[in-house]
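Chains as they are written, first to last, in this note's numbering: chain B, 1 to 527; chain S, 1 to 557.
The hints are simulated quantities; they were obtained by calculation from the structure and are not laboratory data.
This one's a predicted model, so the numbers in the text were calculated from it and none came from an experiment.
Ideal Cβ positions, reconstructed from N, Cα and C, are used throughout, including at glycine.
Just so you know, not all the hints are guaranteed correct.
Said to hold, decoys possible - Distance ranges between label pairs, derived from CB positions:
no., chain 1, residue 1, chain 2, residue 2, range
1, S, R421, B, A47, 44 to 52 Å
2, S, D59, B, E81, 26 to 34 Å
3, S, A17, B, D30, 52 to 60 Å
4, B, E402, S, D232, 26 to 34 Å
Stated by the list, open to error - Non-contacting residues of chain B with respect to chain S, defined by C-beta distances greater than 10 Å in every case (computed):
no., residue
5, D150
6, K157
7, R412
8, V436
9, L504
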Amino acid sequence: MAVGVACVVMTMACARHDVRQAVPDVPLPDISRAATDVQAQLREQHAVMTRVVEQPSSSPAERAAAYGDMGKLFVATELYEAAERCFANARQLAPGDMRWPYYLAHVARLANDPARAAGFFEQTLALQPDHVPSLVWLAEMRLAQSRPADAKPLLLKAQSLAPREAAALYGLGRVALEEHDFAGAVRQLEAALALVPSASRVQYPLAMAYRGLGNPQQAEAHLRLRGEADLPPADGLMGEIGGLLKNAAAYETRGGQAIDDKRWPDAVRELRQAIAVAPNNGFTRLNLGTALYMTGDANGALEQYQAAVRLRPDLAKAHFAIGVLKETAGDDAAALDAFGAAVRADPASSEAQLSLADALRRTGRVEESLPHYADVLRANPSASQASFGYAMGLVRLKRYAEARDRLAEAARAYPDQPGFAHALARLLASAPDDHVRDGPRALTIMNELLKTQNTLSSAETMAMVFAEVGEWDRAVAWQRQTIDAARQAKQPALVARLAANLRLYQQKKPCRIPWADDDPVHRPGAK
Amino acid sequence: MSAGASAKAEGPQPRTADWFVDRAADAGLDFVHVNGMSGQFYMPEVIGSGVALFDYDQDGDLDVYLVQGQPLGPGAPASRGGTPLTDRLYRNDLRVEADGTRRLHFTDVTAQSGIDARGYGMGVAVGDIDNDGRPDLYLTKFDAPNQLFHNNGDGTFTEISKRSGTDSRSWSVSAAFVDVDRDGWLDLYVGHYLRYTLEGNSRCVSPSGAPDYCTPDSYQPLPDRLYRNRHDGTFEDVSARSQIARAFGPALGVATADFNGDGWPDIYVANDGKENQLWINRRDGTFENRALLAGVALPLTGKAEASMGVDAGDLDDDGDDDLVVTELTGEGTNVFVNDGAGVFEDDSARTGIGPASTGLTGFGTAWFDYDNDGRLDVLAVNGAVQVIEALRQARDPFPVHQRRILFHNLGGGRFDDVTARAGAAFALSEVGRGAAFGDIDNDGDLDVIVANNNGPVRLLVNQAAAGAHWLGLRLVGAGGRDQVGARVRVTTAGIVRHRRARADGSYASANDPRVHVGLGGSAAPSDVVVQWPGGRSETFTGVAADRYTTLTEGTGR
Chain B
1 MAVGVACVVM
11 TMACARHDVR
21 QAVPDVPLPD
31 ISRAATDVQA
41 QLREQHAVMT
51 RVVEQPSSSP
61 AERAAAYGDM
71 GKLFVATELY
81 EAAERCFANA
91 RQLAPGDMRW
101 PYYLAHVARL
111 ANDPARAAGF
121 FEQTLALQPD
131 HVPSLVWLAE
141 MRLAQSRPAD
151 AKPLLLKAQS
161 LAPREAAALY
171 GLGRVALEEH
181 DFAGAVRQLE
191 AALALVPSAS
201 RVQYPLAMAY
211 RGLGNPQQAE
221 AHLRLRGEAD
231 LPPADGLMGE
241 IGGLLKNAAA
251 YETRGGQAID
261 DKRWPDAVRE
271 LRQAIAVAPN
281 NGFTRLNLGT
291 ALYMTGDANG
301 ALEQYQAAVR
311 LRPDLAKAHF
321 AIGVLKETAG
331 DDAAALDAFG
341 AAVRADPASS
351 EAQLSLADAL
361 RRTGRVEESL
371 PHYADVLRAN
381 PSASQASFGY
391 AMGLVRLKRY
401 AEARDRLAEA
411 ARAYPDQPGF
421 AHALARLLAS
431 APDDHVRDGP
441 RALTIMNELL
451 KTQNTLSSAE
461 TMAMVFAEVG
471 EWDRAVAWQR
481 QTIDAARQAK
491 QPALVARLAA
501 NLRLYQQKKP
511 CRIPWADDDP
521 VHRPGAK
Chain S
1 MSAGASAKAE
11 GPQPRTADWF
21 VDRAADAGLD
31 FVHVNGMSGQ
41 FYMPEVIGSG
51 VALFDYDQDG
61 DLDVYLVQGQ
71 PLGPGAPASR
81 GGTPLTDRLY
91 RNDLRVEADG
101 TRRLHFTDVT
111 AQSGIDARGY
121 GMGVAVGDID
131 NDGRPDLYLT
141 KFDAPNQLFH
151 NNGDGTFTEI
161 SKRSGTDSRS
171 WSVSAAFVDV
181 DRDGWLDLYV
191 GHYLRYTLEG
201 NSRCVSPSGA
211 PDYCTPDSYQ
221 PLPDRLYRNR
231 HDGTFEDVSA
241 RSQIARAFGP
251 ALGVATADFN
261 GDGWPDIYVA
271 NDGKENQLWI
281 NRRDGTFENR
291 ALLAGVALPL
301 TGKAEASMGV
311 DAGDLDDDGD
321 DDLVVTELTG
331 EGTNVFVNDG
341 AGVFEDDSAR
351 TGIGPASTGL
361 TGFGTAWFDY
371 DNDGRLDVLA
381 VNGAVQVIEA
391 LRQARDPFPV
401 HQRRILFHNL
411 GGGRFDDVTA
421 RAGAAFALSE
431 VGRGAAFGDI
441 DNDGDLDVIV
451 ANNNGPVRLL
461 VNQAAAGAHW
471 LGLRLVGAGG
481 RDQVGARVRV
491 TTAGIVRHRR
501 ARADGSYASA
511 NDPRVHVGLG
521 GSAAPSDVVV
531 QWPGGRSETF
541 TGVAADRYTT
551 LTEGTGR
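So here's chain B without its partners, still in its complex pose (with noise of 0.2 Å):
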């Protein structure tokens, strides 16, 4: 009896030594570039993992399941390779789990085989037929076999199963275009975004089915609408990868990709953990203070951009974004300083040489912002903001001809942008300088112009304009119709100014002040 039991006892254990051995070892690869932290977390893992698959009493669901806690630490950090060795196992020690074969699908999705992947994910249906994500995600893998019809019967049996499944809706959109059935599309594409309006990728896919069905103004009203914001199924098993790294690097890069997507909360408190972990790195920061300045709290955007600098003085960003902050809140000396930061150091920062140009004007200091915006046309030489201020920059200091000559050639270069030739126009009205002035040409801009344009600004300046070539009645009519519409619309300083042209213009005396010193065109982001 002892003897049998002996032997019963002794095939038990065979049993189990067997069960161990049919799955091949998973090693651990080179994991010798990984971030350290990340190495540590993935040798913690493989130990982990190796105790329970050598532990003679742990269950094959508990093999399983260590294997594929392995599995998906190594899809997180990309070691795809690995990865598919321990779902393997994990599919081989509890074959019924429809975890397993759907996370080798994943795998080889990421490999960019979605021919795999699609087997992969047959199986997993064939173990749970219902399985949403899965649907979807064949679905996919058929669209990148080019196999619409395929994908369609999957894509409405998922829409069946879970109705408010954007992005089977999504899908089924596509498939509607691959099959040139425009009209399906949109009303499959609308659907999705109806579900989830924040899917700014669905936006394009979109405006093309309305182009497809010869409707151009839809279209281009969903193309203004696009974005990065992808649509991809609800899918709680690869939403357990998506959070396991906890190195810095995993929290900034999880943190970009909210940012990415709009998701300013999400990307706060990535961002905010990346700093836990790595606090001294000035890009976070810098990242952090552009998530918390999305969700409102400039207070708390400054302190991050503040701590970049005090990190990193070289970043030019972090330097600009305080000057835009300081801007808003109305202190140009402390905006000034900053901008000026950001310029020393990237000198090649357009966006910092134009802010820092403009508040050089702002505050009186003229000359001084020519430069700053003659780099930024050097280097774009579309930069219309930069050619605006250049121009108006001039004007101020009394170089008329040189002024008209600028705006001259943006008009030009600037059709669809009016502000160029409206400011032409009060220029060659009423420059102080007799050889820059020319009252016909500038009749004929706002003749032009007032087709469009029909503002205070530009009422005013075409008053300016009768008033040059001589037409002394019509300037002081359109003069009082401008100071009428200014009252109206509670602009005290405009009507007292314009006031005192009327008196011009009742004398037979021409306006020689295109624009006063105060006027907003020469204090460009004012407060």
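Given chain B, work out where chain S should sit, using these hints.
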């Protein structure tokens, strides 16, 4: 529009085991690109470089210009085997024996050419800027002013960079010569990439924290430049006035063609990770970016993709130019099919090209008829821009290499991945970047020269088209300039095919400007209608097959 070619494949199928054979070493092309890497993962390391095929000495065969890198950071090699790092010009000394055998041999003539290429080279564009019939060279750079070299016609070149006004200092990759105002003089479009310095290099890591190359998102893009030819060896920067600087991204590929069929050249710019631009010529010196509504700014998914190499060609022979754009691993090469009016459908999946290329990062590419069956096929050279983990695990010293890919046009808008049948040269795993397409041995089929990053040049001599007939055209204007941009409609035994003379496209490279048309099994003479870049149209009848014929503007009907 005339009917497209709808016949099935004609003529003999490729017989030899290797459709392309690498003859670089045999032919004396001993160039090896050095990317200057030093372990710091500087971005320029993985971006260059390009190659040009052009007949600089006007002896009827294609010479080769190869662009070289430079050391980046401490520890990078300053020479290769003691030879200084410099661009190279190789003269093609092709010899055709009495029995028709072609002997390819290249001679390094860099020293005597007078070409003093400075800085870290990126790409090359070729065009005859002064209509003297001799192609000139424009070199793009990472960290130095771009250079323009005038071909003196005696085997030497003179640098006219500064005087010409085209010596942009911004990081440039692809450039294209194109007569945007149809005044008979080639203007120049230069794609600018990123605002980047070695000192400002960001430290980027993979999710595991391992160091890796950054993506272009880490830096600011730069606006491109359009230079108008003033006809006197100088160019005027019309970037602002033309409005092409109003929308820009990190430009890597540039291809020019008349995409909307109005007779005026347009410009397509492939931007890395940002929306591409389609600059439609408004015929008044300005351009409008219509890429979004035209359907070529983004693929159908709406996700901005990498977009490196690009070519325009008529894949379905319906008389308009379609686009192929190579992309990053995981994205798949994009194919945009033109409806003739400049409105495109994303047919990447339907053609089969997208799905088959998903695992690869593509650069140089072109529409080219490799088997002379009359339909345009596609080749792309590949190589990743971020570390491939499996290669890193295998301790590969440069773990970004991938194999090339070749697609055969089956007709009906479908393509077949025939890489496995193309031969040993396609089994190599390398870091492909520039690729120039042309008939290097003048035997009537198209060869490919591949510029590998940090590796040897490959001269893939075509053996796949043996037995099939072809038509070769050199389209020239007064003065003998290659009339790039000219479109041809070739009718052969009732079958109509459409091609375009072009040197631009691919990636950072310059192609053979001659027009090559595969004719399959038909050796009948062809009628050729040429739409010249200036707008004039002429017909040339009875153009013989299986030879190169020069058609000069003004001599047709």
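Are all C-beta atoms of chain S more than 10 Å from that of B/L504?
holds (37 Å)
For B/R412, is the shortest CB-to-CB distance to chain S above 10 Å, so the non-interface label stands?
violated (7 Å)
So B/K157 supposedly isn't at the interface. Is its beta-carbon more than 10 Å from every beta-carbon in chain S?
holds (22 Å)
Is it true that S/A17 and B/D30 lie within 52 to 60 Å of each other by Cβ?
violated (38 Å)
Between the beta carbons of B/E402 and S/D232, is the distance compatible with 26 to 34 Å?
holds (27 Å)
Can you let me know if the beta-carbon spacing of S/D59 and B/E81 is within 26 to 34 Å?
violated (53 Å)
Indicate whether the distance between the beta carbons of S/R421 and B/A47 respects the range 44 to 52 Å.
Taking Cβ atoms as reference, S/R421 and B/A47 lie about 48 Å apart, which means the hint holds.
Would the non-interface assignment of B/V436 survive a Cβ cutoff of 10 Å against chain S?
holds (23 Å)
Is it the case that B/D150 keeps its Cβ farther than 10 Å from each residue Cβ in chain S?
holds (12 Å)
The structure does not agree with the numbered hints 2, 3 and 7 stated previously, though it agrees with the rest.
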